[in-house]
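Sequence order for the protein chains is A and B. Per the numbering used here, residue 106 is the first one in the first sequence, and the count goes up by one each step. Per the numbering used here, residue 115 is the first one in the second sequence, and the count goes up by one each step.
Treat each hint with caution, since some may be false.
Said to hold, decoys possible - Across the chosen pairs, the derived CB separations fall in these ranges:
| id | chain 1 | residue 1 | chain 2 | residue 2 | range |
| --- | --- | --- | --- | --- | --- |
| 1 | A | Asp214 | B | Gln116 | 42 to 50 Å |
| 2 | B | Ala393 | A | Glu133 | 37 to 45 Å |
| 3 | B | Thr389 | A | Ser242 | 16 to 24 Å |
| 4 | B | Ser133 | A | Glu133 | 42 to 50 Å |
| 5 | B | Ile378 | A | Glu119 | 31 to 39 Å |
| 6 | B | Thr389 | A | Glu107 | 52 to 60 Å |
| 7 | B | Gly129 | A | Glu228 | 46 to 54 Å |
| 8 | A | Glu193 | B | Glu196 | 49 to 57 Å |
Note that these hints are calculated values from the structure, not bench results. Ideal placement from N, C-alpha and C gives every residue a C-beta, glycine not left out.
Read off the chains here:
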Amino acid sequence: MEILNIEKISLNLEGRQILKDLSLLVKEGTIHSILGSNAAGKSSLAYAIMGCCDYRLESGKIHFLGDDITNLSVSKRAKMGITLAWQEPARFEGLTVKDYIAVGTKNRDDALITESLHHVLLEPSDYLGRQVDKTLSGGERKRIELAAIFAMRPKLVILDEPDSGIDILALDNIINMIKALKKQGTTVLLITHREEVSEIADITSLMCSGNIVHEGKSKEVGKYFKEKCIPCPTKIFPGKENGVPKGDKS
Amino acid sequence: MQDYELMLDAYAQAGGAPSVFKDSNIAHLVVHKNKVIGSNSVKGLVLVPKETAIGIDIMLTVEKGIKIENLVHLCFGVLPKEGIQEINIKARIEDGSGVKLLAHCVFPNAVKVLHKMQAEIEIGDNAYYEYNEVHFHGESGGIEVIPKARIKIGKNSHLVTNFSLLKGRVGVFDLDYESEILDNSTLDMTAKIYGYGNDRIKIREAGYLNGRASRGLIKSRIAVKDNAVSEIINELTASAPGARGHVDCVEIIQGNAQAKAIPIVNVTNEFAKVTHEAAIGRVDKKQVETLMARGLEEEKAIDIVVGGMLK
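Can you build the whole structure from these sequences, using the hints too?
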């Protein structure tokens with residue numbers, strides 16, 4: 106069953122077309138990766154799905170579990186079970202890690218908050234009382250974001266570049282956390298520009314110039330991306346549609 | 115007696131724990147308008163209040179070499195709708211001594227109340243003085259608060275001030291604190307205020323880093339909404355080698371509120387350095403949307419962001 110059905114959405118930001126008639130189906134219970142180079146429109150797609158206020162669609166529809174959510178607020182979408190982990194998570198002066206994680210939980214379950222920190226290899230006694238502010242490193246902040254998502258137990262999470270700014274040792278932990286999210290029943294829409302990260306996904310959609318240009322098994326799409334998109338052909342051969350030869354769209 | 119109990123009620127509403135006034139090991143002073151209605155001192159702390167026509171004069175001395183173990187609790191207030199309270203404090207923290215104070219200023223029913231505080235504080239060498247002031251005002255906004263302090267910090271000493279006005283309407287507020295900091299000493303001043311309605315907030319906090327390797331941090335966190343107006347002047351002057359200072363002001367505005375931040379950094383010695391950062395704007399959209407993405411409504415998300423900043 107599809108948890109997310111995106112139908113021909115277009116997004117224009119400050120006169121620039123960011124998404125062009127983009128369609129995407131995400132199956133419930135999967136890890137679905139959106140792979141693409143910088144400026145392909147991946148993060149904009151994430152914000153549009155979440156309903157962020159600067160990312161209102163020009164056209165098209167977004168359905169979540171069959172319901173049209175195109176015009177719903179961020180809060181309403183979140184209450185339905187969608188959430189987003191930003192590529193660079195916000196920092197909050199005066200808000201402790203414990204309170205931050207608790208925001209998304211139903212009844213402020215201390216055991217769940219502690220467990221979620223264990224999942225991202227952060228010692229709860231060291232972190233629960235700390236503030237989610239600039240004293241945390243980028244890596245710590247990203248882990249706390251994932252812990253908050255884990256504790257929230259959403260139906261669908263959009264992870265925008267969860268691997269960025271993470272050292273190689275921590276990457277394994279992040280990947281394990283993504284798998285744990287799937288195991289607990291959360292569908293993961295994983296946004297990345299690294300094909301080795303997208304390999305953990307059940308299915309990968311390749312994104313280029315605001316559209317999905319290829320979709321298939323993650324390994325196969327990753328290989329395609331590596332061979333045909335690095336370096337980006339639109340920059341070398343600007344005449345090519347979406348950077349890929351016609352007929353390659355699947 | 116009734117005033118005493120009502121003052122303690124207001125004190126509790128402001129976040130204080132009235133039980134401290136029953137502990138003989140804890141120094142305290144409770145003043146309603148110009149009447150001392152409770153006081154206690156401890157060894158090494160000389161606390162002499164003197165009633166005046168419109169308020170109270172206080173002499174506070176911490177004797178040489180004495181570090182007061184427990185927090186000293188002060189409670190000032192005016193319970194009726196109208197009144198004046200003028201407090202003059204002369205504090206001397208002698209060499210090698212130290213004290214931490216927590217003052218609650220309570221005006222729960224103020225409709226036309228003036229609260230003035232004038233402090234002269236002298237901190238000796240190798241000493242510390244921490245002054246925390248928490249205000250609790252009613253909802254009418256009919257209050258004027260004017261705290262002024264002139265502070266001298268000796269060598270190898272520390273001054274910390276924390277001012278917060280987060281419960282009730284600010285009314286008209288005009289704070290002016292000025293400190294001189296000598297060799298190897300530190301200044302750490304923080305003010306947190308939440309204004310709404312037609313509140314008027316003006317703050318000037320100034321530090322003069324005149325001593326070698328002296329340090330200063332002046333921090334303001336202000337949130338204003340409705341038609342409230344704030345003007346924050348944070349001023350640090352460094353004139354000695356190795357002096358370092360930083361000014362940090364964040365103001366959040368909502369609705370028709372207006373905020374102004376004026377950081378003044380003045381360095382007159384090539385081996386000194388002062389930095390500043392100031393930010394004024396609406397609540398950060400990303401912070402709000404992050405919390406909304408966890409299921410909070412926008413208003414609640416804004417409350418958490420603003421509340422966190424003022425915590």
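Evaluated hints:
In this structure, Asp214 of chain A and Gln116 of chain B meet the distance hint of 42 to 50 Å, their C-beta atoms being roughly 46 Å apart. A beta carbon spacing of about 42 Å between Ala393 of chain B and Glu133 of chain A agrees with the range 37 to 45 Å that was offered as a hint. Restraint check, Thr389 of chain B to Ser242 of chain A: a C-beta distance of roughly 22 Å satisfies the suggested window 16 to 24 Å. A beta carbon spacing of about 56 Å between Ser133 of chain B and Glu133 of chain A contradicts the range 42 to 50 Å that was offered as a hint.
In this structure, Ile378 of chain B and Glu119 of chain A meet the distance hint of 31 to 39 Å, their C-beta atoms being roughly 37 Å apart. Look at Thr389 of chain B against Glu107 of chain A: about 53 Å separates their beta carbons, and that is inside 52 to 60 Å. Judged by the Cβ atoms, the range 46 to 54 Å given for Gly129 of chain B and Glu228 of chain A is violated: they are separated by roughly 31 Å. Range check, Glu193 of chain A to Glu196 of chain B: Cβ separation about 53 Å, and the 49 to 57 Å hint holds.
Violated hints, in rising order: 4 and 7; the structure is consistent with all others.
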